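> Starting from the known structure of chain B, fit chains E, L and S onto it as the hints suggest.
Protein chains: 4
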Amino acid sequence: MEFKTIALHGRNADPRVAEPMQVLVEHLQRAGIDVITDATGDDDLAARQVTEQTVAKQSDMIIAVGGDGTMLHAARIALQHDVPLLGVNRGRLGFLADITPDEMLQSVDQVLAGDYYLENRLLLLAERHRDGAVDGTAFALNDVVLQRRETGRMVDFETRIGGRLVNAHSGDGLIIATPTGSTAYALSCGGPIIEPALDALVLVPICPHTLSDRPIVVPASVQVEVKVLRRIDTKAEVTVDGHTIGDLLPEDRLIVRDAGHRVRLIHPPGYDYYEILRSKLHWGRDSRQRNPAPYETD
Amino acid sequence: MEFKTIALHGRNADPRVAEPMQVLVEHLQRAGIDVITDATGDDDLAARQVTEQTVAKQSDMIIAVGGDGTMLHAARIALQHDVPLLGVNRGRLGFLADITPDEMLQSVDQVLAGDYYLENRLLLLAERHRDGAVDGTAFALNDVVLQRRETGRMVDFETRIGGRLVNAHSGDGLIIATPTGSTAYALSCGGPIIEPALDALVLVPICPHTLSDRPIVVPASVQVEVKVLRRIDTKAEVTVDGHTIGDLLPEDRLIVRDAGHRVRLIHPPGYDYYEILRSKLHWGRDSRQRNPAPYETD
Amino acid sequence: MEFKTIALHGRNADPRVAEPMQVLVEHLQRAGIDVITDATGDDDLAARQVTEQTVAKQSDMIIAVGGDGTMLHAARIALQHDVPLLGVNRGRLGFLADITPDEMLQSVDQVLAGDYYLENRLLLLAERHRDGAVDGTAFALNDVVLQRRETGRMVDFETRIGGRLVNAHSGDGLIIATPTGSTAYALSCGGPIIEPALDALVLVPICPHTLSDRPIVVPASVQVEVKVLRRIDTKAEVTVDGHTIGDLLPEDRLIVRDAGHRVRLIHPPGYDYYEILRSKLHWGRDSRQRNPAPYETD
Amino acid sequence: MEFKTIALHGRNADPRVAEPMQVLVEHLQRAGIDVITDATGDDDLAARQVTEQTVAKQSDMIIAVGGDGTMLHAARIALQHDVPLLGVNRGRLGFLADITPDEMLQSVDQVLAGDYYLENRLLLLAERHRDGAVDGTAFALNDVVLQRRETGRMVDFETRIGGRLVNAHSGDGLIIATPTGSTAYALSCGGPIIEPALDALVLVPICPHTLSDRPIVVPASVQVEVKVLRRIDTKAEVTVDGHTIGDLLPEDRLIVRDAGHRVRLIHPPGYDYYEILRSKLHWGRDSRQRNPAPYETD
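Protein chains in written order, with my numbering: chain B, 1 to 298; chain E, 1 to 298; chain L, 1 to 298; chain S, 1 to 298.
It is worth saying that the hints were derived from the structure and are not from the lab.
Just so you know, these numbers come straight off a predicted model, no measurement behind them.
Don't take every hint at face value.
Note that identical chains are pooled: a pair holds if it fits in a single copy or bridges any two copies.
Unchecked claim - Listed next, the in silico SDA-like pairs over lysine to any residue satisfying Cα-Cα at most 25 Å (straight line): (1) 235 / 150; (2) 227 / 135; (3) 280 / 163; (4) 280 / 93; (5) 280 / 229; (6) 227 / 277; (7) 235 / 168.
If we strip away everything but chain B, and leave its shape as in the complex, we get (with noise of 0.2 Å):
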């Protein structure tokens, strides 16, 4: 790849975005890089302000800046061109933007030079059957998430994969996550962590009535159906990536399958998927005690 254009997202309204934004369109320029940005929040920003449509189709990269958040926005802009993507943190390490602050320009250097690695994340497409129609649809990079909208009354649901029967559920929902998203909510509720090189999706019931109603990993081939049981008093509602996308009634059908797309990571040399697990879940820092021997002090 050859990056003519790169384009700058991120929230710069925020000063600990905008700084180094600034520092990253000197950079680039002076790489003789034609610098563009959608961001809105620095009128002093010396790139070229354009819309979210250019910057999927004229660059050649985003670099984006910010945390997770601000890659999964950048991710949504970049599948509908397949633009890779390069995450810049503002403050702690994250998933997806693990570049730090400090080791900015080095690593878009790295990158820029053509040391730098690849990956493919896989993106799921979550489409709301109603009446026949597709009634709503959304990208996800993380997780399309079905949940009982009102008090305290369980949400009963079926799900169903290639049209087989897998369960009928009584709980609070179920969570259907990329590998990406398996270290998000699904994490929470008991879900495994699922390496982003395995092509696969997890289903995980949220706080499930059944005690043996467990997490379930299938090929990210497969198609999987959630189709809401009819119950006095529960209503239900799917987020795509934390975003409501509507609610889901007994006649709906929730179709989350494989999008075809993928969302292209670039990382600089050195990434390690474990090392960033093991920050992030503070592995290997627990510190209870579980009955020493009697002369071990610690």
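Showing chains E, L and S alone in chain B's frame:
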């Protein structure tokens, strides 16, 4: 496939095994099939008595009669020559032995008529490396388990995938399970269910000290390496499908990878993995009640 | 206790409730007992129709016919005057409604003859404090739940016990459950079972972001305080035994403590909490198989 | 309490223990206190060398220097004569050894001046009954653990409380933990945290085969009985606070009950159980990110 020679396998000292086995011998012989067996518990069994090696070499299919344990054993015989396996359960439905006695003859006839579903199951190879050489290997259809061997002390160990450090763990040990094994011991330790069609394995820490030390699902193509860390008073051993293959010293390495072979399972038409899951995990039968509406009487 | 006046309670629009209720009325009247009811579904019910207030004031015992939901509702009537409660289930055995229809008359006769077991169950009082005043209270026999109310964002909140900070949490919310409620929603969220004889309550985080944010069991004598932290885009609400009592703003405080009252349950002789647990949780019926010996056929 | 004679306890072969111990000896002697010790690792320690029995009989307080393991050992010495315990940690903060080295002298002075918080911790007594007699007993400050002893087979066992059957379990074993032990091994096996002020114990199944076999919290006043069921190929053993007290045969009974004694812990003013929990469990430090708003940069 043509089934000219069929081997029967099972612990026919148990009358609940011997009886269906006898019925099968007569049924198959009437159909002109050469029936051999390595079962030794019943002298009157009208099948040709052979060794396990002959079973592996000469049979076009092995019918195992018993439970999942019998299937695991039959799988070890079968894999040397890729012989497909059919499982007849002598009692409750099994994950692997999925034909019930009362539908036995009908299912066998369907299979003989070519009406069956052939499924490949991942098989792992576990190797203990000691003093620079491989010292102990075993095939795992379910799982390879590292576990502490003495008293109440934790075992400390490191995991690597493709040479890269995953984590340093403390706890009761680690399960490396196939999709087949994901519904066995791994499920009791918090692991996910993995659909057998997915070419993946899962690392499940057993009672980990660090609460964020969670199951990780990885492609089956990776090589997993486990090393015990030196610590006073702990000993660790490795078991494969429930059988000890020896201890693991800090100098040793446990290497687990795809065995290359697959176990070939024959299922009668109508086989449904999720139906077995629902049956074995009692899905849909939990009857606790969660904050019903005041007048919902159950 | 002498049972001169007995109240029947239940949703007798349901024939499965109306029928045993009618049987009970006749049976109790033959025994010379004054039978009253607040049930309104069946004009032919030969019991004196009264209000809930009259039930509470005049009855020496309330017999609730239905499921655990009916028992929860009857408990609210009963607690105002400490009326003891007997529960007849119209279908499957309940945690609270522990008399099956076919043993109903025999059990009732035993109770009338003084042969019964009286059990006190902890009741919690939930108060929402707003603008320096108590604005909304409710009694909880099962649980007080703080839960997020919109889309896919987490709710951030702090818990205090006796004024001391316990933790700052992020996630789907928090359950504060009695021992009675420990087998309801709290169990689905990873909480322990608490024997009803133990004067304790449990705080169970719902899908907590931090994986080490685990259930805490504390004496029932403590006062629990919950405060929602200000965060864009999240809203939280409080439900008590499944019914919403309103939202919880960052300025509000949710105070939960022992209500003082106990719910008095009457059990027929032979009552066994663990037998109910075994029945409701299907203990002893799981049939997965874990690495059996090669020839153990199941 | 008046502290005329103070015993120092710790593995002072470790310089990180010997040094603070030496500082303590001098500090206490300057205050006119008679300092004794059962520590044997440092000949130059200016304290009177005595046996553990003398420590128990003569000291008004034991100061244990080390980690929680040292505290567990000191507790065994202390309980014979109800001597209160103060714990100095030589490294990271402990659950029991809650004074850090740098605040050691200040905390000790506060305690000597009568400014402290005295806390009683539940102690369990484990008895193995064999051939009609008690054959092996031990005190548990953390936990009594039944665990399988060989290979990969499950252990089957029954639990009884007050003579009534609780459950028939299959799995890796069972933990019976005090509130103190609830944050040790039991927490790794899915048990809840139990506040030490609550007079309760918890039964935590280890990797149970039945997924609904969950932790149960019961009053400390009950007697727990465990019986191993006869099964080919499995052996079980009992460990108490991490030390094996022997195997458990199907003919044996393991009886666990409140030891009567309490372990008396002395804490400096400002002691806060929840602060220790937050520190040990890294609460508030998890940094995964869950579906942030598009522009929430972290």
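> All hints are to be evaluated individually against the structure, with a verdict given for each.
To see whether the hints hold, each was checked on the structure:
1. Both within a single protomer and between protomers do residue 235 and residue 150 lie at most 25 Å apart by alpha-carbon distance, with minima of 6 Å and 12 Å respectively.
2. Only within a single protomer do residue 227 and residue 135 lie at most 25 Å apart by alpha-carbon distance; the minimum there is 15 Å, versus 39 Å between protomers.
3. In the homo-oligomer, the alpha carbons of residue 280 and residue 163 lie at most 25 Å apart only across protomers (21 Å), although the nearest pairing inside one protomer, at 37 Å, exceeds that limit.
4. Taking CA atoms no more than 25 Å apart as the test, residue 280 paired with residue 93 passes in both settings, with 8 Å inside one copy and 23 Å between copies.
5. In this homomeric assembly, residue 280 and residue 229 come within 25 Å of each other (Cα to Cα) only across copies, at 23 Å, whereas the closest approach inside a single copy is 38 Å.
6. In this assembly of identical chains, the alpha carbons of residue 227 and residue 277 lie at most 25 Å apart only when taken from different copies (20 Å versus 34 Å within one copy).
7. For the identical chains of this complex, residue 235 and residue 168 are intra-copy neighbours only, at 17 Å inside a copy versus 30 Å across copies, given an alpha-carbon limit of 25 Å.
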